[in-house]
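Trainee: Using the sequences provided together with the hints, build the complete structure.
Position one of the sequence shown corresponds to residue 2 (our numbering), numbered consecutively onward.
Quick caveat, the hints were computed from the structure, so don't treat them as lab data.
By construction, the Cβ of each residue, glycine as well, lies at the ideal position given by its N, Cα and C atoms.
Take these hints with a grain of salt, some might be off.
With a Cα cut of at most 30 Å, we get these calculated BS3-like pairs of lysine-lysine [what the hints assert, rightly or not]:
#: 1; residue 1: 77; residue 2: 7
#: 2; residue 1: 47; residue 2: 59
#: 3; residue 1: 47; residue 2: 7
#: 4; residue 1: 77; residue 2: 47
#: 5; residue 1: 59; residue 2: 77
#: 6; residue 1: 59; residue 2: 7
Using C-beta positions, here's what the derived DEER-type ranges look like [said to hold, decoys possible]:
#: 7; residue 1: 22; residue 2: 61; range: 26 to 34 Å
#: 8; residue 1: 36; residue 2: 63; range: 28 to 36 Å
#: 9; residue 1: 24; residue 2: 54; range: 28 to 36 Å
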Amino acid sequence: MTVDRKFERPISLVIEGSHHVIGSIREAAWILADRWPDFSSTSFRKALAACADALEGKRSAAYARRALLVAARRDKIDIAV
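Mentor: Below, the structure written as structure tokens:
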């Protein structure tokens, strides 16, 4: 069973010129699976695994959020403020 949970604070990313606001675990998993520019990066794989674990209830939404932020920084994706 999957459980989508909201992030305490949304994350705003600019990927290839498009602005995305990610406010939940499911949205984070979607952005990684559908819009991420480098599917081969280690940070991408770790963030996607973190989202999967969070959706399965094994990890917190905060854990998935942190993993997405780390992946964005390492993969040089703009984090909008």
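Trainee: Does each hint hold? Answer for all of them.
Mentor: Results of checking the hints against the structure:
1. At most 30 Å may separate the alpha-carbon atoms for a hinted pair to count; residue 77 and residue 7 meet this at roughly 24 Å.
2. Taking the CA atoms of residue 47 and residue 59, the gap is about 14 Å. The hint holds against a cut of 30 Å.
3. For the hint linking residue 47 to residue 7, the alpha-carbon distance of about 20 Å falls within 30 Å, and the restraint holds.
4. Distance restraint check for residue 77 and residue 47: the Cα-Cα separation of roughly 16 Å lies within the 30 Å cut-off, and the hinted pair is therefore satisfied.
5. Our distance criterion of 30 Å between C-alpha atoms is met by residue 59 and residue 77, whose separation comes to about 28 Å.
6. Distance hint between residue 59 and residue 7 is fulfilled; the C-alpha atoms sit about 15 Å from each other, no more than 30 Å.
7. Checked against the hint of 26 to 34 Å, the C-beta distance between residue 22 and residue 61 comes to roughly 20 Å, which is inconsistent with it.
8. For residue 36 and residue 63, the Cβ-Cβ distance of about 22 Å falls outside the hinted range of 28 to 36 Å, so the restraint is violated.
9. Between residue 24 and residue 54 the Cβ separation comes to about 19 Å, which falls outside the hinted range of 28 to 36 Å.
Hints 7, 8, 9 from the earlier list are contradicted by this structure; the remaining hints agree with it.
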